[in-house]
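Given only the sequences and the hints, what does the whole structure look like? Please build it.
In terms of this note's numbering, the sequence shown is residues 62 to 267.
What the hints contain is simulated information worked out from the structure, not anything from laboratory work.
Taking lysine-lysine and the PhoX-like style, the derived pairs with C-alpha atoms no more than 25 Å apart in a straight line are:
| # | residue 1 | residue 2 |
| --- | --- | --- |
| 1 | K145 | K174 |
| 2 | K179 | K145 |
| 3 | K107 | K171 |
| 4 | K145 | K171 |
| 5 | K107 | K145 |
| 6 | K107 | K179 |
| 7 | K186 | K107 |
| 8 | K145 | K186 |
| 9 | K202 | K234 |
| 10 | K107 | K174 |
| 11 | K186 | K171 |
| 12 | K174 | K186 |
Label-pair distances were calculated between CB atoms; the ranges are:
| # | residue 1 | residue 2 | range |
| --- | --- | --- | --- |
| 13 | G141 | K107 | 19 to 25 Å |
| 14 | S193 | E243 | 20 to 26 Å |
| 15 | E221 | G137 | 49 to 55 Å |
| 16 | G73 | E233 | 41 to 47 Å |
| 17 | D230 | G141 | 56 to 62 Å |
| 18 | Q260 | T128 | 42 to 48 Å |
| 19 | G141 | T96 | 20 to 26 Å |
Built from N, CA and C at the ideal position, the CB exists for glycine as well.
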Amino acid sequence: MTASQRYPIPAGRFRAEIEVERSRFIATVQPVTSTAEAQAFIASIKTEFPDANHNCWAYLVGPPENTDQVGLSDDGEPHGAAGKPMLIALQYSGLGDTAVVVSRYFGGIKLGKGGMVKAYTAAVKTALEQLSRAERVAWIKFIATFDYALVTPFERRLAEFETEILDMDYGEKVVCRLRLPEEHREDFCRMFDDLSAGQGQLRLLD
62 MTASQRYPIP AGRFRAEIEV ERSRFIATVQ PVTSTAEAQA FIASIKTEFP DANHNCWAYL
122 VGPPENTDQV GLSDDGEPHG AAGKPMLIAL QYSGLGDTAV VVSRYFGGIK LGKGGMVKAY
182 TAAVKTALEQ LSRAERVAWI KFIATFDYAL VTPFERRLAE FETEILDMDY GEKVVCRLRL
242 PEEHREDFCR MFDDLSAGQG QLRLLD
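Right under this line is the structure:
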């Protein structure tokens with residue numbers, strides 16, 4: 062198993078709010094699978110909080126260690142005071158495929174750049190520590206064709222590879238459509254070949 066094949070993500074949209082020197086910092090987090098999806102999420106939060114003084118954001122698409130698809134914005138705050146610390150907090154969270162927007166309502170007391178860095182970091186960390194997590198798994202699908210005699214021994218081995226049966230058709234032979242995590246692909250194919258003594262067929266679906 063590698064980090065690029067399986068990693069934690071937010072289970073869904075989550076929101077947390079903190080107050081710092083009368084300013085409200087509302088952090089909204091969402092799982093995303095592309096930069097386009099991240100930008101659409103950011104746009105939706107800006108629409109939801111049009112009267113916020115700032116809607117700062119950061120996102121990371123891919124596994125937690127990925128730096129190829131990241132984005133950030135200070136949205137009018139001093140350069141480096143919001144987007145960068147938000148992205149850093151996101152990168153250190155261990156989550157992948159995540160976008161976060163912090164909507165700030167100014168409370169009348171200036172925080173200074175250092176204070177803003179701390180506040181935006183705290184807002185993101187508060188949300189990331191409280192949200193429920195799910196797992197991103199790279200799934201692949203196969204169609205397996207084999208003799209009836211193999212049904213029971215085949216089904217007994219599926220749990221080893223976290224394999225899910227999607228459907229089974231009982232015709233001249235058994236035709237089973239299934240899915241499993243990509244990381245188990247080679248071991249599963251080897252098991253199937255051994256079990257069927259090379260007589261079964263596996264076809265990878267797109």
